[in-house]
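Participant: Sequence:
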Amino acid sequence: MILYATTIFVSAFLLFQVQPLIAKLILPWFGGSAAVWTTCMLFFQVLLLGGYVYSHALMGIRQPARQRLVHCILLGICLLVLPISPDVSWKPTGGDDPTLRILGLLATSVGLPYFVLSTTGPLVQAWYARTHIGAYPYRLFALSNFGSLLALLSYPLLVEPLLSAHWQALAWSSGFTLFALLCGALAWKTNAGLVTAGSGETSAATEPAPSTGIKLWWAALAACASALLLAFTSHLSLNIAPIPFLWVLPLLLYLASFIVCFEAPRWYRRDFYFPLLIAGLGGVCYTLTPGHLHPKIIVLVPLYAVTLFCACMVCHGELARAKPHPQYLTSFYLQLALGGALGGLFVGLVAPHLFNDLYELPIGLAALAALGFAALYRDRASILHRRFARPAQALAAALVAAFCGTLAWGYGAFADTRPSSVRNFYAVLKFEDSGSGEDAVRELKHGTIQHGSQFLDASRRNWPTTYYGPLSGVALAIKSTEEARRIGVVGLGAGTLAAYGRSGDVMRFYEINPQVVDLARKQFSFLSDSKAAIEVALGDARLVLEREAPQQFNVLAVDAFSSDSIPVHLLTVEAFRTYMRHLKPDGLLAIHVSNRYLDLLPVVAKAATALSLELRQVYATDNYEVGVFSSDWLLLARAPGAFNEAELKANAKPLEAQADIRLWTDDFSDLHGILK
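So for the sequence shown, this note's numbering puts the first residue at 1; every next one is plus one.
Hints are supplied without guarantee of correctness; some may be wrong.
With a straight-line cut-off of 27 Å between C-alpha atoms, the simulated DSSO-like cross-links for lysine-lysine are [stated by the list, open to error]:
#1 Lys479 / Lys531
#2 Lys531 / Lys445
#3 Lys91 / Lys215
#4 Lys584 / Lys531
#5 Lys676 / Lys584
#6 Lys24 / Lys606
#7 Lys522 / Lys445
#8 Lys676 / Lys606
#9 Lys296 / Lys445
#10 Lys649 / Lys479
#11 Lys430 / Lys445
#12 Lys296 / Lys323
#13 Lys215 / Lys296
#14 Lys91 / Lys296
#15 Lys296 / Lys531
#16 Lys24 / Lys676
#17 Lys296 / Lys479
#18 Lys584 / Lys653
#19 Lys676 / Lys653
#20 Lys676 / Lys445
#21 Lys323 / Lys430
#22 Lys584 / Lys479
#23 Lys531 / Lys606
#24 Lys584 / Lys606
#25 Lys531 / Lys24
Derived from the structure by calculation, the hints contain no laboratory data. Note that the structure is a prediction, hence the values are computed from the model and not measured.
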């Protein structure tokens, strides 16, 4: 038992360690978008399905020696492709949808090792079931989810802060080598056990095979849980609280529900989780309808977390209740993987191209309600088949219909009152008008974060607003030069900084999202009204800047952070070297560091020290009467003389001593270490 447990635990741990590891390695290539993580999860879910198909097919081979040979050959091939490392030829060259490029990159870098790891869960459990007749192999499934949970927690708390990306890859590759040895030894040992297990297997063959209907039931429950996991994650991170590491919470709850349901099925009780789920669904439905009171984050996050956990408990609890005889174990896991992949495909691939908002959440909730009703209806011992069965069935069906109708009405009503929105791989962007008269404004938002605002009144529409007011650090930097200026801006937003353009100036914006460019040109007039010549370079700013000849900017402003999600690759010392290469000798680099959850000052200060740059801080207070928010900008230059202009000198102050953190490089960064 120890060898089985160790092998499956190590496998699951490595399976969930490689996901954030490879995502961290490739995130800088694709703009640091949260959608990169969603695409990675989609890839891993589909590959997990492939691994389960392989396991099911391998167990169909009756000769144990041939099973062992096939799997050991596959393990040996995996060892030849180590260590894992993404090929730089997959880096994007423009602003096109990078989904297929990411999938191809993952397939060529970690595809085969991940595939083999994904086979381990069902394969080891099947081996255990066939060599330990009468044992309960599903407990190993709970153990594998526990290993996954530990891997998920240990990466941001231990691995990322202590090891560079290079050493992370080497450590993971070493762990995979250990796993290959364990799995090979287990295959050899199991081969001997299978020879003597024939009689037990024959007796098990009397168990009826699962019907097509029950297989579809397994897949539907798994698909619903998978889709809700991703939909809740997107909604929490985008529309409720864009807090770093918040994406970890839904995945922890998802894995915890697997552990609870399959370690001890008696812990799933319908009479507890169904009422709790109904209450949670009611609360979530209320927050998704127009006119609600907008509860605080301290209420919303627990509400959504508890509701997601109950949803996963119901889906996975019903799966545990419907699990087959261990003889059909690989078929069961195959349907789970199929459902998980379908849920991931729907949220990660279909929804961004089909919807202009996060409609996958209400769709997933409606599907959950329908599945809950189906679970009770198909169980002849449930409350729907006791005394007053017909009225109970009618009431339950009415409640499901009312819930689905409320969701449809809420989103339909929102469609008439909510701002216009567009969606692609990178973001869900919304623009809306508010206020009246000379105070009327149009705002550009990504989730809860505002990325631009413009007055609609003709006399005010050229006023720079939000984080770019006249006393902001970037404004002072731009105004400090009297000559015709060349200004670079990383992150377009509504194009607000174009308001500072003068005749003879050139302003070059770098933007990765083509829909941002489209909205800035069609829904806002900062670009068209500017007196400067406007240029827009589409693609990840750092990759574009690395390919370009020196631009000789007087000022280069970096403000590409969305929903408090930090594109780490824009804050490494290598990135700062690239920025400085594009500045004139007396040019200024402006970094926007306003952030509710992360303290970016020591990151920039460390890079400035490493490159021997002068550093100043400009903090500007808000003035809502003119649409200006408080802002915090850091200005960097090669020499103190760059700060000699009177207004700049009066407002730009030397930075106070910062926390002593490790220098961020392309090989090392630690968001956990700069949490406020």
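Participant: Now tell me, hint by hint, if it's right for this structure.
Facilitator: Status of the hints after comparison with the structure:
The straight-line distance between the Cα atoms of Lys479 and Lys531 is roughly 15 Å, inside the 27 Å bound, and the hint therefore holds. A threshold of 27 Å between alpha carbons decides the hint, and for Lys531 with Lys445 the separation of about 26 Å falls inside it, so the pair holds. For the hint linking Lys91 to Lys215, the alpha-carbon distance of about 40 Å lies beyond 27 Å, and the restraint is violated. A hinted pair counts as satisfied when its Cα atoms are at most 27 Å apart, and Lys584 with Lys531 qualifies at roughly 22 Å.
Among the hinted pairs, Lys676 with Lys584 is inconsistent with the structure: their alpha-carbon atoms are about 34 Å apart, more than 27 Å. Under the criterion of a C-alpha separation no larger than 27 Å, the hint pairing Lys24 with Lys606 is consistent with the structure, at around 21 Å. About 15 Å separates the Cα atoms of Lys522 and Lys445, which keeps this hinted pair within 27 Å; it holds. A distance of roughly 17 Å separates the Cα atoms of Lys676 and Lys606; the hinted pair therefore holds under the 27 Å criterion.
With a CA separation close to 19 Å, the supplied pair Lys296 and Lys445 stays within the 27 Å bound. A hinted pair counts as satisfied when its Cα atoms are at most 27 Å apart, and Lys649 with Lys479 qualifies at roughly 12 Å. At most 27 Å may separate the alpha-carbon atoms for a hinted pair to count; Lys430 and Lys445 meet this at roughly 5 Å. With a CA separation close to 40 Å, the supplied pair Lys296 and Lys323 exceeds the 27 Å bound.
At most 27 Å may separate the alpha-carbon atoms for a hinted pair to count; Lys215 and Lys296 exceed this at roughly 42 Å. Pair hint Lys91 plus Lys296 does not hold up; C-alpha atoms about 40 Å apart against a cutoff of 27 Å. For a cut-off of 27 Å, the pair hint linking Lys296 to Lys531 is broken: about 43 Å separates their Cα positions. Restraint check for Lys24 and Lys676: the C-alpha separation of about 22 Å stays at or below 27 Å, so the hint holds.
For a cut-off of 27 Å, the pair hint linking Lys296 to Lys479 is broken: about 40 Å separates their Cα positions. Distance hint between Lys584 and Lys653 is fulfilled; the C-alpha atoms sit about 22 Å from each other, no more than 27 Å. As the CA atoms of Lys676 and Lys653 are separated by approximately 22 Å, the hinted pair is consistent with the 27 Å bound. Under the criterion of a C-alpha separation no larger than 27 Å, the hint pairing Lys676 with Lys445 is consistent with the structure, at around 24 Å.
Of the pairs offered as hints, the one joining Lys323 and Lys430 is violated, with about 44 Å between alpha carbons and a cut-off of 27 Å exceeded. Of the pairs offered as hints, the one joining Lys584 and Lys479 holds, with about 16 Å between alpha carbons and a cut-off of 27 Å not exceeded. Simply put, Lys531 and Lys606 have alpha-carbon atoms about 37 Å apart, too far for the 27 Å limit, and the pair is violated. Taking the CA atoms of Lys584 and Lys606, the gap is about 22 Å. The hint holds against a cut of 27 Å.
Among the hinted pairs, Lys531 with Lys24 is inconsistent with the structure: their alpha-carbon atoms are about 40 Å apart, more than 27 Å.
The structure fails to meet hints 3, 5, 12, 13, 14, 15, 17, 21, 23 and 25 from the earlier list, while all remaining hints are met.
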